[in-house]
Amino acid sequence: MNILELHDVSMVYGQVAALRNVSLTVSPGEWVAVMGASGSGKTTLMNIIGCMDRASHGVVILDGEKLSRMAARDLTAIRRDKIGLIFQQFHLVPYLTAVENIMIAQYYHSMADEKEALQALERVGLQHRARHLPRQLSGGEQQRLCIARALINCPKLVLADEPTGNLDEDNQNTVLDLFHRLHAEGSAIIMVTHAPDVAAHAQRVVHLEFGRIVNDAPRAPHGISSGEPDKCAVGNMAK
Amino acid sequence: MKNHNMFFRIVFCSLLRRRSRMLAALLAVALGGTVFLGMGAVYYDIPRQMGREFRSYGSNLIFVASGHALTLNLTQVEKAASLLPADKVIGLTPFRYETMYYTLRGVTVVGTDMASARKTSPYWRVQGRWPEKDAEILLGMDVAEQTQLYAGASLSLEVVPRTGEKFVKTLTVSGILRSGGAEDGFILMPLSGLEALMGEAGTASVVEASIAVPGEELAVLAESIRAGVPGIAPRLVKRIADSETTVLARLRALVYLVTAVVLFLTMICVGATMMTVVMERRREIGLKKAIGAENKHIAAEFLGEGVLLAGAGALLGMVSGWFFARIVSLSVFEREVSLPFFLVALTLLTSLLVTLLASFIPVLRAMDVDPAQTLRGE
Ligand SMILES: Nc1ncnc2c1ncn2[C@@H]1O[C@H](COP(=O)(O)OP(=O)(O)O)[C@@H](O)[C@H]1O
Ligand SMILES: [Mg+2]
Numbered sequence: 001m002n003i004l005e006l007h008d009v010s011m012v013y014g015q016v017a018a019l020r021n022v023s024l025t026v027s028p029g030e031w032v033a034v035m036g037a038s039g040s041g042k043t044t045l046m047n048i049i050g051c052m053d054r055a056s057h058g059v060v061i062l063d064g065e066k067l068s069r070m071a072a073r074d075l076t077a078i079r080r081d082k083i084g085l086i087f088q089q090f091h092l093v094p095y096l097t098a099v100e101n102i103m104i105a106q107y108y109h110s111m112a113d114e115k116e117a118l119q120a121l122e123r124v125g126l127q128h129r130a131r132h133l134p135r136q137l138s139g140g141e142q143q144r145l146c147i148a149r150a151l152i153n154c155p156k157l158v159l160a161d162e163p164t165g166n167l168d169e170d171n172q173n174t175v176l177d178l179f180h181r182l183h184a185e186g187s188a189i190i191m192v193t194h195a196p197d198v199a200a201h202a203q204r205v206v207h208l209e210f211g212r213i214v215n216d217a218p219r220a221p222h223g224i225s226s227g228e229p230d231k232c233a234v235g236n237m238a239k
Numbered sequence: 001m002k003n004h005n006m007f008f009r010i011v012f013c014s015l016l017r018r019r020s021r022m023l024a025a026l027l028a029v030a031l032g033g034t035v036f037l038g039m040g041a042v043y044y045d046i047p048r049q050m051g052r053e054f055r056s057y058g059s060n061l062i063f064v065a066s067g068h069a070l071t072l073n074l075t076q077v078e079k080a081a082s083l084l085p086a087d088k089v090i091g092l093t094p095f096r097y098e099t100m101y102y103t104l105r106g107v108t109v110v111g112t113d114m115a116s117a118r119k120t121s122p123y124w125r126v127q128g129r130w131p132e133k134d135a136e137i138l139l140g141m142d143v144a145e146q147t148q149l150y151a152g153a154s155l156s157l158e159v160v161p162r163t164g165e166k167f168v169k170t171l172t173v174s175g176i177l178r179s180g181g182a183e184d185g186f187i188l189m190p191l192s193g194l195e196a197l198m199g200e201a202g203t204a205s206v207v208e209a210s211i212a213v214p215g216e217e218l219a220v221l222a223e224s225i226r227a228g229v230p231g232i233a234p235r236l237v238k239r240i241a242d243s244e245t246t247v248l249a250r251l252r253a254l255v256y257l258v259t260a261v262v263l264f265l266t267m268i269c270v271g272a273t274m275m276t277v278v279m280e281r282r283r284e285i286g287l288k289k290a291i292g293a294e295n296k297h298i299a300a301e302f303l304g305e306g307v308l309l310a311g312a313g314a315l316l317g318m319v320s321g322w323f324f325a326r327i328v329s330l331s332v333f334e335r336e337v338s339l340p341f342f343l344v345a346l347t348l349l350t351s352l353l354v355t356l357l358a359s360f361i362p363v364l365r366a367m368d369v370d371p372a373q374t375l376r377g378e
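Residue numbers (this note's numbering), protein chains in the order written: chain S, 1 to 239; chain C, 1 to 378.
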């Protein structure tokens, strides 16, 4: 079964057609890069996949669930259970410490667990920053924290909208390393990026132009190939 | 119950770690609490006394002799007094008027119960001190002026007793009385002293009573005395009793009005602050929703902050309200004020209610936040 299927999806904002008849299929564990000029509809696509928005037309099936007809509440539940979101601006709750920012995601999902949250921080190399507030962290650290938060509930699909857009090269590489590990563990990743060298890390690159997919090319596989999602290294396993 | 902990952690951290605009709301609630508790304490405690204080600005019931008699019999007066509700009687003051002579001129000497007179006529001002012994007197202001006597001086009066020869008695002036009334032209002395001089006890010319009951009730009491005690004609001093009731009613309305206005302003202020806070925190709200918060989470967190705020504000307000009430009470009413527990509970409840009401629209606004739109920021 595919983790994601889009059939003929369109998104219209008033007069603007942000997406036009987009069809896309993503297998479990697949790493897809989405490229395209600014305004080509990348964020719109991510929002629809991420259950943040509903498509104007077309069918979206996420892990076997048809999103198109769902109420906002059910969309929230699906997002919580299946999706990990990473943004270009590292959105964090400013008054919560690093570990608390992870715990809040656990809390909304099911049950806050500090030990597990600390393990997640360790995984992204931030264990020594657990009690720091977001504003005390560097950009790279903030993005790593966002990644740790996105992964804490073991999402089947990780959505990253220009995750390296605000990072320097060192931090970009750290983040990409994390994505490689994630990929190796079997998570499906959809990653929006401007940069070809970032897109090169993915298995497959989808090009958007004026809301249409104009090119959908697999790349030569590298690193450990994907398989079925097998394990969740950190997260609420016991649920 | 780890998740409860997390909820409180979110709420507390939000209030404590943000350089909080909520401080404005906190102060608003505190101010509201101050006025509410302050007014409440003064209003609850004083009015019951206020009737007394007001009525004490003059008596509202007087007894005179009925028929052709010139004097009241004090035993009859006592009977009449027994018909009055004891806890409502602020003062019952007998006045006995006699004429004596000072340097051959007639002067009215009034015998009265000094302690009681101070209660029924609290506006009397005495320069020097009140008489404590039978041979001490107060000079009315006008008398003092005419005689050029002052506190501490002695004064010789020629007394014509009921029976026997007239004689001269020397008395000590303990103080000068300024009453603003007829008493300024009289000499006042303890009733027992006057009785001893006149060689006759147990009578009075008039008895002034100050009773803390509403007008209609007073009329009923007066009627029962007229019917039940012969020799006594009670008269209502109507004008004063009426104005007391009006003043009290107006004061009550004023207290309600001020409290309502202040609570309303508190609500507006808290509401406006909450609204600003929600607007400022749209991103945070959008983010929380994006990572899985439902509307109930968002609402609970804001209301949680509201409740905490209301509690802290109320506590602050109660402390300062208590000072406020004490100061008002001491300086305006010259008495201590007590703080009933129910008022504390009521202040807390009212603060909560006002804050929750004020949060209603802001919380709806927070629940309306669309995560896709707020996080899109390019
Ligand atoms: N809420 C919205 N209302 C109107 N137009 C929108 C809205 N969101 C996006 N758009 C438009 O849709 C198009 C695609 O936007 P977006 O998906 O953000 O592009 P990208 O992420 O590729 O830069 C743009 O032309 C943008 O102006
Ligand atoms: Mg975008």
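Everything labelled a hint here was simulated from the structure, so no lab data went into it.
Keep in mind that a hint or two might mislead.
Unchecked claim - A few chain S residues that face chain C, going by a derived Cβ cut-off under 8 Å, partial list only:
hint : residue
1    : Thr43
2    : Val93
3    : Leu176
Unchecked claim - A short list of chain C residues far from chain S (calculated; beta carbon distances all over 12 Å):
hint : residue
4    : Arg9
5    : Cys13
6    : Leu16
7    : Thr99
8    : Ser154
9    : Arg178
10   : Arg283
11   : Leu287
12   : Gly292
13   : Asn295
14   : Leu339
As the list claims (entries may be wrong) - From chain C, some residues computed to sit far from chain S (all C-beta separations above 12 Å):
hint : residue
15   : Phe7
16   : Phe12
17   : Ile90
18   : Glu136
19   : Gly180
20   : Lys289
21   : Leu316
Even glycine gets a Cβ: it sits at the ideal position worked out from N, Cα and C.
key: Hints the structure fails to honour   = Result: hints 3, 4, 5, 6, 10, 11, 12, 13, 15, 16, 20 break, sorted rising.
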